[in-house]
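Given next are the chains, with one letter for each unit.
4 protein chains.
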Amino acid sequence: MINVGIVGATGYVGCELLRILLNHKKVNVSALSSVSFKDQKIASVYKSFNGITDLICENSDDVIEKSDVIFTALPHGLSEDIAYKCYKAGKILIDMGADFRLSDEEEYKFWYGKSFKHPELHEFSCYGLPELNREKIKSSKIIANPGCYPTSIELALMPLLKNSLIETNDIICDSKSGATGSGRSLTLTSHFVELNENFAPYKVGAHRHTPEIEEILKVMSKEKVKVTFTPHLLPINRGILTTIYCTPKEEINLEKIHELYSSTYKNETFVNVLDLSETACTKNVRYSNYCNISLHQNFRKDKLIIVSAIDNMVKGAAGQAVQNMNLILGFEEDEGLNFISPSF
Amino acid sequence: MINVGIVGATGYVGCELLRILLNHKKVNVSALSSVSFKDQKIASVYKSFNGITDLICENSDDVIEKSDVIFTALPHGLSEDIAYKCYKAGKILIDMGADFRLSDEEEYKFWYGKSFKHPELHEFSCYGLPELNREKIKSSKIIANPGCYPTSIELALMPLLKNSLIETNDIICDSKSGATGSGRSLTLTSHFVELNENFAPYKVGAHRHTPEIEEILKVMSKEKVKVTFTPHLLPINRGILTTIYCTPKEEINLEKIHELYSSTYKNETFVNVLDLSETACTKNVRYSNYCNISLHQNFRKDKLIIVSAIDNMVKGAAGQAVQNMNLILGFEEDEGLNFISPSF
Amino acid sequence: MINVGIVGATGYVGCELLRILLNHKKVNVSALSSVSFKDQKIASVYKSFNGITDLICENSDDVIEKSDVIFTALPHGLSEDIAYKCYKAGKILIDMGADFRLSDEEEYKFWYGKSFKHPELHEFSCYGLPELNREKIKSSKIIANPGCYPTSIELALMPLLKNSLIETNDIICDSKSGATGSGRSLTLTSHFVELNENFAPYKVGAHRHTPEIEEILKVMSKEKVKVTFTPHLLPINRGILTTIYCTPKEEINLEKIHELYSSTYKNETFVNVLDLSETACTKNVRYSNYCNISLHQNFRKDKLIIVSAIDNMVKGAAGQAVQNMNLILGFEEDEGLNFISPSF
Amino acid sequence: MINVGIVGATGYVGCELLRILLNHKKVNVSALSSVSFKDQKIASVYKSFNGITDLICENSDDVIEKSDVIFTALPHGLSEDIAYKCYKAGKILIDMGADFRLSDEEEYKFWYGKSFKHPELHEFSCYGLPELNREKIKSSKIIANPGCYPTSIELALMPLLKNSLIETNDIICDSKSGATGSGRSLTLTSHFVELNENFAPYKVGAHRHTPEIEEILKVMSKEKVKVTFTPHLLPINRGILTTIYCTPKEEINLEKIHELYSSTYKNETFVNVLDLSETACTKNVRYSNYCNISLHQNFRKDKLIIVSAIDNMVKGAAGQAVQNMNLILGFEEDEGLNFISPSF
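Protein chains in written order, with the numbering used here: chain H, 129 to 472; chain V, 129 to 472; chain P, 129 to 472; chain L, 129 to 472.
Treat the hints loosely; a few may be bogus.
It does not matter which identical chain is used: a pair holds within one copy or between any two.
Said to hold, decoys possible - In the DSS-like style, the derived pairs of lysine-lysine whose C-alpha atoms are separated by at most 27 Å in a straight line are:
| hint | residue 1 | residue 2 |
| --- | --- | --- |
| 1 | K219 | K290 |
| 2 | K154 | K245 |
| 3 | K194 | K350 |
| 4 | K237 | K154 |
| 5 | K384 | K169 |
| 6 | K377 | K331 |
| 7 | K394 | K266 |
| 8 | K429 | K352 |
| 9 | K219 | K194 |
| 10 | K354 | K429 |
| 11 | K429 | K153 |
| 12 | K213 | K331 |
| 13 | K350 | K429 |
| 14 | K154 | K352 |
| 15 | K175 | K384 |
| 16 | K266 | K175 |
| 17 | K153 | K290 |
| 18 | K175 | K394 |
| 19 | K153 | K237 |
| 20 | K169 | K331 |
| 21 | K346 | K237 |
| 22 | K394 | K264 |
| 23 | K216 | K194 |
These are calculated hints, taken from the structure and not from any lab test.
Sequences are here, hints too, so could you generate the full structure?
Structural data, given as structure tokens:
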């Protein structure tokens with residue numbers, strides 16, 4: 129049995145990850161850490177763990193010591209030191225934050241205002257999107273688990289970009305996320321009365337996930353990609369839906385595009401290419417590790433519109449992290465992730 | 129006192145219009161009609177009118193006979209005959225449906241699958257967006273009240289288009305609407321369990337509001353405008369937020385754009401141009417006739433992103449209809465419409 | 129024009145009161161105060177006031193000086209000093225907090241853990257439930273505006289208690305409130321993700337509104353009344369619905385009870401006794417000052433079940449405060465309060 | 129591998145049951161039936177089954193033929209004939225409707241307006257509340273799966289009634305249910321715009337679950353029990369919370385009551401007695417088969433208030449049905465039911 133631990137277990141991502149790991153047949157959750165809830169039982173922080181686990185929040189060094197695989201769910205800038213310790217100890221780190229997502233330190237400085245702490249580790253780290261980097265992930269010890277928005281966008285565009293079918297200088301990504309994406313911290317934005325019955329974008333055209341999206345899309349297309357990305361906050365708990373507008377290089381044959389997507393993803397457990405008559409929605413992927421993708425064009429047939437839906441907490445965070453762990457440890461890729469989305 | 133009546137009073141738009149008209153100091157609601165609830169008190173259909181009005185649903189001819197101004201809130205294709213009767217009787221018609229919104233019969237056939245019934249009336253009708261057509265509205269007897277999505281888009285783009293500041297061949301409009309926009313008819317899509325905690329687009333790239341949007345944007349820009357428009361359904365009752373992506377012809381100076389918007393709308397009661405530090409949201413216009421607009425650019429500064437928010441039932445339907453009525457009757461433009469949006 | 133001011137204007141109750149007062153034709157809002165947002169424009173705290181008012185938050189002494197009527201929307205224990213200053217200055221105070229609601233200082237000590245600061249003022253103060261104390265209110269200078277839950281319960285029981293029709297030693301009041309009742313302070317309970325899709329009671333059987341309810345019910349019944357009161361938190365913004373279970377002294381004739389309620393409230397603008405076929409719900413009183421009451425019995429006909437619904441922010445707080453002001457100032461009782469509840 | 133089938137698979141209960149059964153390691157879902165969606169794939173009715181199962185809706189006879197255990201999720205009155213066929217064929221029937229819940233035919237006639245169709249079967253049937261009837265269930269072939277509201281009430285009161293600690297002539301049960309309880313049929317009540325931001329009771333004091341509750345409570349207490357039961361509809365998808373008010377025969381010692389509950393349920397996997405400092409809420413049992421119970425008293429200590437929470441679709445329907453199946457088939461009682469409730 130592999131021992132796994134979570135550094136930063138009491139945020140929403142940590143909590144969701146714990147839920148998935150406790151259901152995972154081949155790992156044992158050995159330790160958790162939390163700064164805010166140090167020495168408290170996780171079941172007293174999240175009552176739904178009552179009777180399920182007696183784990184207590186320790187400090188991050190305890191987690192590293194007791195675990196073979198360490199997951200970090202921390203604000204950006206805090207994972208690199210953990211990664212360094214894991215690396216020294218020969219352990220596997222899966223970072224669900226932003227520290228290892230950008231390979232270009234200049235970009236990181238521009239968007240996050242600081243330098244890499246351990247630049248040498250960035251040589252070893254691997255961007256953990258299994259559908260793109262499966263083989264590389266298997267042999268990595270530091271995984272940069274993708275951002276939630278980037279996951280929804282990268283999977284939606286991969287077949288088009290790998291086959292150079294669209295213009296890369298003007299891709300519009302209009303994303304909408306449920307409130308768990310904003311985390312458990314108390315802010316007026318996530319106060320029930322303020323968010324309920326409301327809808328708005330934030331960080332319009334300038335969200336920190338943009339460079340991550342552009343870097344990975346460039347990897348796919350092998351040319352520079354310019355993305356305009358705007359996230360919005362939905363008054364629901366879970367789910368990201370992204371509507372992507374792009375311009376095909378040649379006249380669209382949507383059936384052909386659909387065939388391409390279907391063949392690209394035919395062996396992917398966690399990507400569903402919907403029939404052309406269907407439209408992706410957040411509900412059908414809730415609590416699951418699936419990414420649903422639907423393909424559309426405008427009535428003039430000069431624009432492709434790709435709609436993708438994921439659960440931001442699962443395929444957008446904790447589920448994908450476990451998928452990465454499964455790959456590294458040689459488990460079935462869907463081990464612990466093959467739950468059926470409830471219809472309501 | 130002017131007598132006003134509503135044909136199709138028991139849908140959500142009719143109900144909202146009645147609420148506004150009952151609060152209006154200078155008109156008297158003389159009659160209502162409904163096919164589904166004929167002979168029933170409106171207060172038995174919508175309990176919130178209990179103790180407020182004893183009006184009973186009659187038929188449309190009764191409404192025409194008893195009213196100086198007739199509002200129609202009907203499925204498309206049913207207003208032209210009412211308009212014809214009003215015209216013959218020398219009365220004013222404000223149609224909140226689609227029958228008079230498109231001036232080009234070929235476009236109407238393409239999108240609605242039928243011809244104009246009374247093509248001659250379309251010569252007299254006026255598109256009722258006061259911020260664009262105020263003077264023409266004042267002397268019109270048939271008003272095509274704009275669609276909800278088009279209102280949110282046209283007001284957001286007017287300053288740019290009138291001044292030829294953006295490319296017109298590729299405007300992306302990503303709209304999100306509350307559930308009242310889908311009406312009171314019972315469908316699985318609007319079943320509570322199905323819509324609650326869900327989010328999805330519909331009629332992607334091919335919604336019937338597209339030709340209306342393109343026609344009016346063309347009026348503004350004096351050149352053909354191509355719009356890719358995708359509506360989404362939000363799990364909230366009220367509000368439309370549209371995120372518009374467009375390409376400026378020259379380098380953006382957002383402060384200049386803000387000045388342009390501010391001066392364009394400085395005399396408009398119902399358009400708020402927000403400070404550059406702010407972002408439009410549906411909450412701040414709920415239950416009001418305001419359109420809030422915020423201006424943004426992407427981090428590369430090669431895209432303008434305009435965000436607009438309206439209450440789809442008010443500025444997007446019933447409120448704008450009353451604004452049009454006020455103009456025609458020579459009342460203060462905000463008579464009966466100067467209510468303050470509740471903050472929650 | 130009467131000058132009115134709000135001490136504690138930036139909480140939800142203060143905000144709602146401001147909205148109502150700005151729409152009130154016979155008063156001028158002269159000043160606001162806030163500790164947290166001192167020197168800031170109220171329109172920057174609540175954006176929906178943008179373009180409506182330029183009022184700036186001052187301190188409480190400014191409000192007292194500039195106003196003829198002062199409303200306090202403060203945590204308990206902070207209004208008595210304001211009341212004292214108003215009293216000295218010959219001004220009218222309407223307190224929307226708990227400081228003057230209990231006449232018995234021992235009860236106040238038991239539930240709030242402190243003594244009256246200015247016991248002499250409690251001689252002058254009047255409990256501001258117009259349907260019970262209308263004449264006394266008219267000549268009062270210190271009004272204890274009722275609590276939200278008590279309002280929903282007292283109006284629902286008044287006809288039964290005044291006529292000694294039910295047992296008074298065992299009344300069960302099961303109340304459910306929207307989230308505005310918990311205020312704007314940031315707590316985990318009111319975090320969107322935590323409250324959305326959740327439902328729970330709080331302070332079961334031991335909420336501080338209990339002694340207020342019991343005192344007023346005793347005034348009505350002229351005998352000691354024992355109430356078991358449990359509030360619950362609803363994932364909606366506005367509204368209180370209370371389900372009251374009581375035992376009739378004699379066999380129930382529900383039609384007779386309905387007649388009694390109808391005659392008791394026949395001259396009351398803001399109390400609707402629903403037909404026996406109907407059931408009160410929060411939706412039909414949202415944004416209005418109405419209290420809707422429906423009457424029921426269990427199938428065995430040995431229990432009366434009274435259901436009442438109010439908007440906790442209006443009849444449960446700010447609206448009732450304005451109703452009290454109208455009475456004191458000799459205005460029409462519904463001045464500024466005759467808005468129609470939107471149906472959605 | 130045991131073959132199981134669902135008659136009435138396309139309602140919410142059927143859908144939830146299918147989800148649980150597909151995750152169950154020891155049974156094979158052999159057939160489904162639906163009148164409305166005959167010959168359609170269940171995955172086309174509920175898209176979340178896409179890629180999970182290819183099962184097609186057949187007719188009820190197909191289900192009976194292909195299955196060892198048959199679950200019925202039908203409107204009342206339709207299960208008896210299915211039960212008769214199952215009985216003849218020597219198969220196990222678990223009815224999630226009302227047909228076998230009441231043992232007294234007169235009561236059934238009073239509440240449902242019809243007689244038993246196969247009275248002889250009622251001799252064999254067993255009320256499937258495992259915590260009450262575990263041993264009897266194991267040897268039964270016809271199970272009346274309890275109603276959702278009754279489950280939340282019976283588990284909450286069993287320790288008190290079995291020990292004769294409360295008065296049985298006046299128990300108040302105030303229940304609140306999520307919208308899945310109203311089913312998938314399209315009604316105005318469950319139309320999103322109508323239910324969202326609304327709250328109301330229905331069938332006040334006269335719901336058909338009342339006789340079921342009273343019969344089972346009588347079994348527990350061995351004396352007649354009179355319950356006043358009022359259900360309310362919550363604007364959430366899942367969950368029932370019931371607040372129960374009862375009068376102890378002797379002075380309350382809440383710690384003692386807590387000990388009693390803890391010992392009564394100490395071996396029960398699916399009943400959690402919360403610490404005295406905690407309060408049950410729907411969120412912590414969502415998507416789980418748990419019933420959480422918290423114990424309270426009013427400040428006067430003359431009333432006991434018991435709060436229980438279940439997921440109406442799981443412990444209130446499909447989960448309990450599977451729990452019953454597990455008992456009958458000799459599986460671990462929590463087989464297929466040991467999922468962890470997500471915290472959000």
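- Message: If the cut is 27 Å between Cα atoms, do K153 and K237 qualify within a copy, between copies, both or neither?
- Response: Cα proximity of K153 and K237: none, with 40 Å in one copy and 50 Å across.
- When no copy is named, should K175 and K384 be tagged within, between, both, or neither for a Cα gap of at most 27 Å? Only across copies: K175 and K384 sit 24 Å apart there, 49 Å inside one copy, limit 27 Å.
- Query: For K213 vs K331, is the C-alpha pair at or below 27 Å within one copy, between two copies, both, or neither?
  - Reply: Neither: 34 Å inside a copy, 47 Å across copies.
- Message: Within a copy, between copies, both or neither: which one fits K153 and K290 at a CA-CA cutoff of 27 Å?
- Response: Neither: 36 Å inside a copy, 40 Å across copies.
- Measure nothing new, just compare the shortest in-copy and cross-copy C-alpha distances for K175 and K394 to 27 Å and report within, between, both or neither. Between copies only: 18 Å across, 39 Å inside.
- Identical-chain pair category, K216 with K194, by Cα at 27 Å: For K216 and K194, only the intra-copy Cα distance (15 Å) is at most 27 Å; the inter-copy one is 59 Å.
- Message: Treating 27 Å as the Cα threshold, decide for K394 and K266: within, between, both or neither.
- Response: within (20 Å within a copy, 45 Å between copies)
- Message: Please sort K237 with K154 into within, between, both or neither, judging by C-alpha distance up to 27 Å.
- Response: Intra 39 Å, inter 54 Å, cutoff 27 Å: neither.
- Query: Should K266 paired with K175 be assigned to within, between, both, or neither, using CA atoms and 27 Å as the limit?
  - Reply: neither (35 Å within a copy, 32 Å between copies)
- From the Cα coordinates, with 27 Å as the cut-off, is the pair K154 and K245 best called within, between, both, or neither? Result: close neither inside a copy nor across copies, 33 Å intra and 51 Å inter.
- Between copies, within a copy, both or neither: which fits K346 and K237 at Cα up to 27 Å? Cα proximity of K346 and K237: one copy only (19 Å, versus 43 Å across).
- Should K169 paired with K331 be assigned to within, between, both, or neither, using CA atoms and 27 Å as the limit? The answer is between: 24 Å across copies meets 27 Å, while 36 Å in one copy does not.
In summary, the numbered hints that this structure violates are 1, 2, 3, 4, 11, 12, 14, 16, 17, 19.
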